[in-house]
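Chain A is already provided as a structure; the job is to place chain B on it using the hints.
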Amino acid sequence: MHEETVYDALDTAHGGESPDGQWAFGTGFDEPLAGVDTTVPAGIDPADLGAYCLMLGDDALVLAQRLIQWVTAAPELEEEVAVANTALDLLGQARLLLARAGSVGVLGRSRTLATATIPDEDALAYFRDPDEFRNTGLVEAPNGDFGQTMVRLLVASTVRLAVFSRLRDSRDPVLAAIAAKGVHELAYHRDHAARWVLRLGDGTPESHRRTQAGVDAVWPLLADLFSATDVEARLAAAGIAVDPAQVRGEVRAVLGEVLTRATLAVPGWPGDLLPQGRTGVHSAELTALLGTLQGLAREHPAATW
Amino acid sequence: MAIPALQVDPRAVAETVTDPELPLLTLADLGVLRDVRTEAGTVVVEITPTYSGCPAMGVMRADLVHALHRAGFPDVDVRTVLSPPWSTDWITAEGRRKLAAGGIAPPGRAPRRPAGPVPLQLGPSRRTASCPQCGSADTVEVSEFSGTACKAMRRCRACAEPFEHVKEV
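Chains as they are written, first to last, in the working numbering: chain A, 1 to 305; chain B, 1001 to 1169.
No lab work stands behind these hints: they were computed from the structure. You may find that some hints are simply not true.
Claimed, not checked - Here are a few chain B residues that face chain A, going by a calculated C-beta distance under 10 Å: (1) 1119; (2) 1120; (3) 1140; (4) 1143; (5) 1146.
As the list claims (entries may be wrong) - For each label pair, taking beta carbons as the anchor points, the in silico distance ranges come out as: (6) 113(A) to 1083(B): 31 to 41 Å; (7) 283(A) to 1040(B): 51 to 61 Å; (8) 279(A) to 1040(B): 42 to 52 Å.
The beta-carbon is built from N, C-alpha and C at its ideal position, and this holds for glycine as well.
Looking at chain A on its own, in the form it has when it is part of the complex (with noise of 0.2 Å):
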């Protein structure tokens, strides 16, 4: 039953011979939610939650971003294999989330920008400005060394995996099997990156002293993770969210777990700062990222193939 080739298959089920043909950029033909019940549940404020939805699908966006960096660099095939894969797996989950976003309304400034026809989840990921990134500051520093990267990847992924753990249980039932899909990409990302962390702490002189200074460099960024912005602590409140603080003792005793066994100092915990990246706030690294990411579809927006 098979076309030719998949773009075959795309096409002639997409209207076959449309003149507009297909949008250059994302995915343009497919929906993740496609089918799903977007409905909200009751009081809850869609704006609330579609910024909630746009946090938690920044952070991975922008790190599948990150990590695809090392793709062509890695330092072994199989790894590069591994970070691709772990990648897909946010990019994934960043599209889910960003759909979610739109299925209730929120797209900010990127509607003014995109064109019509392109989904909701790539107007949001192409189209937005900086300040409309709702990521945390730690997802969108530079990777540093392999050893840095994996201790970063550490730190996301054991975050994200502690809140998406608790996320299952959310009220908002889109929410809840975004999260429940997600458990199980999570726990596998953060094990292959702590076994990184303890191969390299655990390993020669020079891997040990490139991992402690990754580590001195991620852990200031501890610091934008734990406090909880409006939005969070109404919807936690509201049982559809989860607020970051109630996941900072699990992800201490993970990290210090970690950087334990792997011989490694665990420097002394930032204190939390107001919420910073949850806000908008970001460095100039995040604008020299997005500009990667979104400057041909900028260029060319009507582009299609």
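Just chain B, lined up with the frame of chain A:
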């Protein structure tokens, strides 16, 4: 030539559609095809992604629509279901046989998914798989990741062949 729709079971049509990344298996073999039913003249098909980032969902949807159109069903609605999440336990016995025949080790039983925190696994993977080429159980995991999100890479120490293994989830 389209066969008159009345004589064809849409489920039977949907069950012939193969997976874009593992074309030796049908979507039904893989447990991705969750339901096929008719609602007011429209064929409603439910599919579920294996992984959140499964890039094949769009192609699956397109292939299903195309196969049903060709079989004489003009109105087709392919819906995504996210819950409960896909498990390799849903791969059918026939699917497992086809995987092994195609040189891919089928998954064992999926681990339990308890509520609450997921414990750290700092040791080497405890997954096991028999070599789909020679049948030896003396195999070792080379990489936790492989060409698609759902597989790991292993090597057989008896016959030295590398092979892929569908990871238990």
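ask   = Per the hint of 51 to 61 Å, is the separation of the Cβ atoms of residue 283(A) and residue 1040(B) within bounds?
value = 53 Å, holds
key: Supplied contact hint for residue 1119(B), tested at 10 Å Cβ to chain A   = 9 Å, holds
key: Verdict for residue 113(A), residue 1083(B) (Cβ pair) under range 31 to 41 Å   = 34 Å, holds
task = Verify the interface restraint on residue 1140(B): the C-beta must sit less than 10 Å from at least one C-beta of chain A.
result = 13 Å, violated
query = Is the hint on residue 1120(B) kept, meaning its closest Cβ partner in chain A is under 10 Å away?
reply = 6 Å, holds
task = Starting from the hint 42 to 52 Å, judge whether the C-beta atoms of residue 279(A) and residue 1040(B) obey it.
result = 47 Å, holds
task = May I ask you to test the interface hint for residue 1146(B) with respect to chain A, counting a Cβ-Cβ separation under 10 Å as satisfied?
result = 7 Å, holds
key: Hinted contact residue 1143(B) with chain A - closest CB pair below 10 Å   = Given a least distance of 4 Å, the restraint on residue 1143(B) holds.
This entry does not satisfy hint 3, going by the numbered hints stated previously; all others are met.
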